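A.B. asks: So you can see what is in the structure, the chains are spelled out below.
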Amino acid sequence: MGSGSILRFMENEAQIVALSVMALVYALKLRWIFKKNLVKEITPAKGDPQKGARLSLLSIAMPWTMESMLKHPLRYFEFVIFHLGVTAAIAASFIIPYAPKLFTIESVMYLFQGITGFAFIAGAVRLIKRSIMPDLRLISSMDDYFSLIVLDVWLLTAFFGIPNKDYTALISFFIMTAFFLIFVPFSKISHYLYYPFARVYFGRHFGRRGVYPKVGEKNMEAAK
Amino acid sequence: MNNTENVQKVIELLKKKISRQAAISFGVCVHCGMCTDTCHYYAATKDPKMAPAYKVDQLRKLYKYYIDWTGRIVPGWVGAKPLKDDKDLDMLMDALYGSCTMCRRCTLNCPMGVDTAMLVRIGRSLLTSVGKAPQGVKDVCKAQYETGNQMAVTKEDYLETIEWLSEELQTATGDRGAKIPIDKKNANVVYTINPREVKYAPLSLLAAARIFYAAGENWTMTSEGWDNTNFGLFAGDDVLGALMGKRQFDKVYELGGRKLVVSECGHGFRATKWEAPNWAKMDLKFPIESFLETMTRYIKEGRIRLNSSVNKESVTYHDPCNLARSSGITEEPRFLLRQSVMDYREMYPNRADNWCCSGGGGAMSMSEYTPRRLEVAKMKAEQLKATGAQIVVTACHNCVDALSDLIKYYKLNMNVKVVSELVSEAMIIEKRIPLKVVAAEEIIRGSGERILVIDDEPDIVTYLTTLFEDHGYKTLSAFSVDEAMNKILSEHPDMITLDILMPGKTGIKLYHELRSKKELLNIPVIIITGINPVDYPQIDFRKFIYERSLPHPEGFIEKPVNKEQLLITVGKIFAHKQTAVKDA
Numbered sequence: 001m002g003s004g005s006i007l008r009f010m011e012n013e014a015q016i017v018a019l020s021v022m023a024l025v026y027a028l029k030l031r032w033i034f035k036k037n038l039v040k041e042i043t044p045a046k047g048d049p050q051k052g053a054r055l056s057l058l059s060i061a062m063p064w065t066m067e068s069m070l071k072h073p074l075r076y077f078e079f080v081i082f083h084l085g086v087t088a089a090i091a092a093s094f095i096i097p098y099a100p101k102l103f104t105i106e107s108v109m110y111l112f113q114g115i116t117g118f119a120f121i122a123g124a125v126r127l128i129k130r131s132i133m134p135d136l137r138l139i140s141s142m143d144d145y146f147s148l149i150v151l152d153v154w155l156l157t158a159f160f161g162i163p164n165k166d167y168t169a170l171i172s173f174f175i176m177t178a179f180f181l182i183f184v185p186f187s188k189i190s191h192y193l194y195y196p197f198a199r200v201y202f203g204r205h206f207g208r209r210g211v212y213p214k215v216g217e218k219n220m221e222a223a224k
Numbered sequence: 225m226n227n228t229e230n231v232q233k234v235i236e237l238l239k240k241k242i243s244r245q246a247a248i249s250f251g252v253c254v255h256c257g258m259c260t261d262t263c264h265y266y267a268a269t270k271d272p273k274m275a276p277a278y279k280v281d282q283l284r285k286l287y288k289y290y291i292d293w294t295g296r297i298v299p300g301w302v303g304a305k306p307l308k309d310d311k312d313l314d315m316l317m318d319a320l321y322g323s324c325t326m327c328r329r330c331t332l333n334c335p336m337g338v339d340t341a342m343l344v345r346i347g348r349s350l351l352t353s354v355g356k357a358p359q360g361v362k363d364v365c366k367a368q369y370e371t372g373n374q375m376a377v378t379k380e381d382y383l384e385t386i387e388w389l390s391e392e393l394q395t396a397t398g399d400r401g402a403k404i405p406i407d408k409k410n411a412n413v414v415y416t417i418n419p420r421e422v423k424y425a426p427l428s429l430l431a432a433a434r435i436f437y438a439a440g441e442n443w444t445m446t447s448e449g450w451d452n453t454n455f456g457l458f459a460g461d462d463v464l465g466a467l468m469g470k471r472q473f474d475k476v477y478e479l480g481g482r483k484l485v486v487s488e489c490g491h492g493f494r495a496t497k498w499e500a501p502n503w504a505k506m507d508l509k510f511p512i513e514s515f516l517e518t519m520t521r522y523i524k525e526g527r528i529r530l531n532s533s534v535n536k537e538s539v540t541y542h543d544p545c546n547l548a549r550s551s552g553i554t555e556e557p558r559f560l561l562r563q564s565v566m567d568y569r570e571m572y573p574n575r576a577d578n579w580c581c582s583g584g585g586g587a588m589s590m591s592e593y594t595p596r597r598l599e600v601a602k603m604k605a606e607q608l609k610a611t612g613a614q615i616v617v618t619a620c621h622n623c624v625d626a627l628s629d630l631i632k633y634y635k636l637n638m639n640v641k642v643v644s645e646l647v648s649e650a651m652i653i654e655k656r657i658p659l660k661v662v663a664a665e666e667i668i669r670g671s672g673e674r675i676l677v678i679d680d681e682p683d684i685v686t687y688l689t690t691l692f693e694d695h696g697y698k699t700l701s702a703f704s705v706d707e708a709m710n711k712i713l714s715e716h717p718d719m720i721t722l723d724i725l726m727p728g729k730t731g732i733k734l735y736h737e738l739r740s741k742k743e744l745l746n747i748p749v750i751i752i753t754g755i756n757p758v759d760y761p762q763i764d765f766r767k768f769i770y771e772r773s774l775p776h777p778e779g780f781i782e783k784p785v786n787k788e789q790l791l792i793t794v795g796k797i798f799a800h801k802q803t804a805v806k807d808a
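Quick mapping for you: the protein sequence lines, in order, are chains P and C.
The numbering of the first sequence is my numbering, which starts it at 1 and goes up by one.
The numbering of the second sequence is my numbering, which starts it at 225 and goes up by one.
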C-alpha cells in the first residue's frame, strides 16, 4: 500500500470509524447523564433564567464579566489561542479531504498555519505552567498532562499538514486525528460535551435568583 | 459505627446524591486553576491545598472511582481514589468543612460553570451521615431538630422576650396599643428571625418592630416555627433543611398570613426562600421576602421616612454571600443605607464579587477551625481597612460575628451593625425624634437590682458601673475571679457581667463553677468580652454559643460595648426573672 492509499484511508474510512466510535460513546455518556435527576427550583423566579442561560453561554467571550478572567489576561489569551487552534485543526481535518482547494489559497493556508502554530505555543506554555506551578501541579492528573501533550502534538501535525503537500505530515495529522476521535471521549478533553449543559444550568440557576448577570461594573475596574 | 461501616455508608450515599447538575459539575472541571485565587482561603494563605479545585477534588476522586466511567476502568489515570477508612473521612472533613465557607465566589468565577459550593455541600452531607462534622455543627443541628431553633431557646423564654420587647416598643412609641403580635391571624406579614436576635441581639428585633409599627404594618411573629436559620444548608442535611422550612411555611398557612418576611440573616433567607421549598417539595402559595426588601418597599411607598443626618459616621456595606451570590439581593441594602446615613462608602470588590466575611457555611460554629478562619479573613480585613469607614454594616448576624472577630484580630477601628438598626435610628416619627434616643436613654431603667461587674480592667469596671447606676441599678465590682466568687457567695447579686480573660483564673472557669453549683445556677450571667480567640485558643468563647457542653449564658456582648445592646439585654433578663418569680 503506497503513501497515497494510506493517506486516502486515513482521511476517509479511518476518520469515519473513529467518528462513529466517538459519537457512540458520547451518546452513551449523554444518556447516562440525562438519566440523572435534574434538580428544579420551585420558588418563582426573581430574575430571568433564560437570559441568565444565554449570557452564561456567552460569558467565555466576555472576559470582563468574570474577575478570574480579568485578573489573568495572559491565561485568557492562551485559552483563546489554544481553542482557536483546536478549532482550526478540526476544520483542517475536513478541508483537506473534502475541500482541498481552499488551502491552495495562500492567505487561507497561512492563516490556518498561523493559528495552529500559535496554539501549539500556547499549549506548550500551558504544559510548562502545569508542570511548574504548585497550585496547578497539585490538581493535575496523568490525564491532564497526557491530554495536553497529545493535543499539542496534534496541533503541530496540523501545522505541518495544512499546506497539504507532504505525505508524512498529512498521514501523521490524520493518524493523530483518528486517535483523538477515539481517545477524547475517555479523557478530560471531553469537557466540551458537558460545557454547554454546565453553563446553561449555571445561567438558569443564577439568572432565576437575580444574581446573574452580575451588577456592579466598578468591581471589574477594581479587579484590574 | 466502625471504619468499614462508615466508608460503606458514604459510598452508598454518594451514589444516591449525584444529580444531573452535580454529575456535570464533577465532569466539566478541567483543572484550569482559574478558581484558585478567587477563594479567600487561598488568596490569604497562598497554600495550594486551599485552592477550590483541590478541595473539591478530594470528593471528585471518590466520584471518579465509584461512579465515573473512565475512573472505574483506569482510576490512576484520572486521579480517582477509593475511600479507605476514617482517616480519609477526616481529611475530607478538613477540606470541606474546615477550608470552605460555601460562599460561591469560586462558582461565579469558574469559566466552566462548576458549582463548587454545591459539590462541597454534597460532600458535607456524606460526612454528616456518619457523624463526621464539627461538634458545633452537630450541636446546632441537634438543637434545631429537637427544639425547633438553633439556640435551643425555650418557648417560654422566647414568648417572654417578645412580651418584654412589646413593652419596650410601647414606651418608645408612647402608644399603649403598640405591641409585637404573636400568632395573629390573617396578617399581611409573618416575620421570622434568627434566634440570636431573641437571645443576644434583641436590639435588631426591636428595630424591626419599630419599623413595622412606623409603617403601620399588619404583622405578626409566631409562637412556633419562628427560626429562619437552617443548619441543614451547612450540614448538607436535606431532611433538617426541609423540616426547618416546613415549620415556618406551615405556620404561615395556619395563620393565614399573606407573606413571609425573613429577618436579616443571609443563610436564613437563602434557605427559606430558595432551598427549603425544594427540600420540602412545597410549592408555596405566598411570597417570601427579605426584611431588606420590605424596608425598601416601605420607603418607596412613603410608609416610613428617614433622616440620614442622624447617622453621621462613615459607613460601608458588606454583602453577605448568601444574599449577594445566592439570592440576588445587592441593591436594597445600598438604597436603605444611602437613605439612612450621611457618609456611605462602597467597598471593592462588592456585590456578588465581594469577599466572604470568613464566617459563612457554619464556620462560626466550628471552633476547631477558628485560627484558620481568622487567618483567611485577611482579604475582608484589607477590604474594610481600605474604605476608612467607621462602621461596617451587613445584613446577617453570622457576618456580624465574623466581622467582629476579624476587626479585633486585625485591629481595625470599626463597629458592626445590621441595616435595620441604622434604618431604625434614622426613622422619623411624628415629632421627628429619632427612636434610638428614646430607647437608649429612657426606656431601660432598673429598680435597684444589684449587678456584679467582674473585669480586671478598672476603666471598664468604672464605665459599666456608672452606666448601670445611671439607669437605676445598684452595682458591685470585682477585679479577679477569686474576689468575684467571694462577693457572689456573700452578696448574692441579681446578675453578673463577666469578662472572660483575667489574670489567674479565667472567667470561663468562673462560669463553669457558677453553672455547676445548684445555689448559683439561677444567677444570670452576661459575658462581656473583647477576647481575640486566636491569642487564646484554649478559651474560645464562641463554643458557649454553638456547642452544648454548658448552658448558654443569658447574655453575650462583645467589646467595645454597645451601650444600647447591653442595657436592652440587662432589661430583658430582669424582665424574665420577674416573670419567673411571679409564676413561681
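These are calculated hints, taken from the structure and not from any lab test.
Predicted, not measured: the structure shown is a model, and the values here were computed from it.
Where hints are given, some of them may not hold.
As the list claims (entries may be wrong) - Taking lysine to any residue pairs in the SDA-like style, the calculated list, with each CA pair at most 25 Å apart, reads: (1) 188/P to 311/C; (2) 311/C to 335/C; (3) 36/P to 196/P; (4) 29/P to 685/C; (5) 483/C to 36/P; (6) 46/P to 335/C; (7) 29/P to 240/C; (8) 36/P to 698/C; (9) 305/C to 141/P; (10) 635/C to 787/C; (11) 51/P to 319/C; (12) 36/P to 236/C; (13) 36/P to 294/C; (14) 698/C to 244/C; (15) 101/P to 29/P; (16) 729/C to 682/C; (17) 188/P to 282/C; (18) 270/C to 51/P; (19) 305/C to 47/P; (20) 40/P to 635/C.
Unchecked claim - Examples of chain C residues toward chain P, derived with CB under 8 Å: (21) 259; (22) 774; (23) 775; (24) 776.
C-beta atoms are modelled at their ideal positions from N, C-alpha and C, and glycine is treated no differently.
A.B. asks: Confirm or reject each hint.
C.D. replies: Taking the hints in turn, this is what the structure says about them:
Of the supplied pair hints, the one linking residue 188/P and residue 311/C is violated, its CA atoms being roughly 29 Å apart against a limit of 25 Å. Using a Cα cut-off of 25 Å, the hinted pair residue 311/C and residue 335/C is violated, with the two alpha carbons roughly 33 Å apart. Only pairs whose Cα atoms come within 25 Å are accepted, and residue 36/P paired with residue 196/P is accepted, the gap being roughly 17 Å. Proximity of residue 29/P to residue 685/C is assessed by CA-CA distance (about 70 Å); at most 25 Å being required, the pair is judged violated.
For the hint pairing residue 483/C with residue 36/P, the CA-to-CA distance comes to about 35 Å; that exceeds 25 Å, so the pair is violated. Of the supplied pair hints, the one linking residue 46/P and residue 335/C holds, its CA atoms being roughly 24 Å apart against a limit of 25 Å. A hinted pair counts as satisfied when its Cα atoms are at most 25 Å apart, and residue 29/P with residue 240/C qualifies at roughly 18 Å. Between residue 36/P and residue 698/C the alpha-carbon distance is near 67 Å, which puts this suggested pair outside the 25 Å criterion.
About 12 Å separates the Cα atoms of residue 305/C and residue 141/P, which keeps this hinted pair within 25 Å; it holds. For the given pair, residue 635/C sits about 21 Å from residue 787/C by alpha-carbon distance, which is consistent with the 25 Å threshold. Using a Cα cut-off of 25 Å, the hinted pair residue 51/P and residue 319/C is violated, with the two alpha carbons roughly 34 Å apart. For the hint pairing residue 36/P with residue 236/C, the CA-to-CA distance comes to about 16 Å; that is within 25 Å, so the pair holds.
Of the pairs offered as hints, the one joining residue 36/P and residue 294/C holds, with about 18 Å between alpha carbons and a cut-off of 25 Å not exceeded. In summary, the hint linking residue 698/C to residue 244/C is not supported, as the alpha carbons are separated by about 64 Å, beyond the 25 Å threshold. Pair hint residue 101/P plus residue 29/P does not hold up; C-alpha atoms about 37 Å apart against a cutoff of 25 Å. A C-alpha spacing of about 17 Å is found between residue 729/C and residue 682/C, which places the hinted pair at or below 25 Å, so the restraint holds.
For the suggested pair residue 188/P and residue 282/C, the alpha carbons sit about 17 Å apart, so the restraint of at most 25 Å is met. Proximity of residue 270/C to residue 51/P is assessed by CA-CA distance (about 36 Å); at most 25 Å being required, the pair is judged violated. Distance hint between residue 305/C and residue 47/P is unfulfilled; the C-alpha atoms sit about 40 Å from each other, more than 25 Å. With a CA separation close to 45 Å, the supplied pair residue 40/P and residue 635/C exceeds the 25 Å bound.
A hinted interface residue such as residue 259/C counts as satisfied when its beta carbon comes closer than 8 Å to some beta carbon of chain P; here the least separation is about 7 Å, so the hint holds. Here the hint on residue 774/C is broken, as its CB sits about 39 Å from the closest CB of chain P, past 8 Å. Against a cut-off of 8 Å between C-beta atoms, the interface hint on residue 775/C is violated, since the closest Cβ of chain P lies about 37 Å away. Violation of the interface hint for residue 776/C is found here, the shortest Cβ-Cβ separation to chain P being roughly 33 Å, above the 8 Å cut-off.
In this structure, the earlier hints numbered 1, 2, 4, 5, 8, 11, 14, 15, 18, 19, 20, 22, 23, 24 are contradicted, and the remaining ones agree with it.
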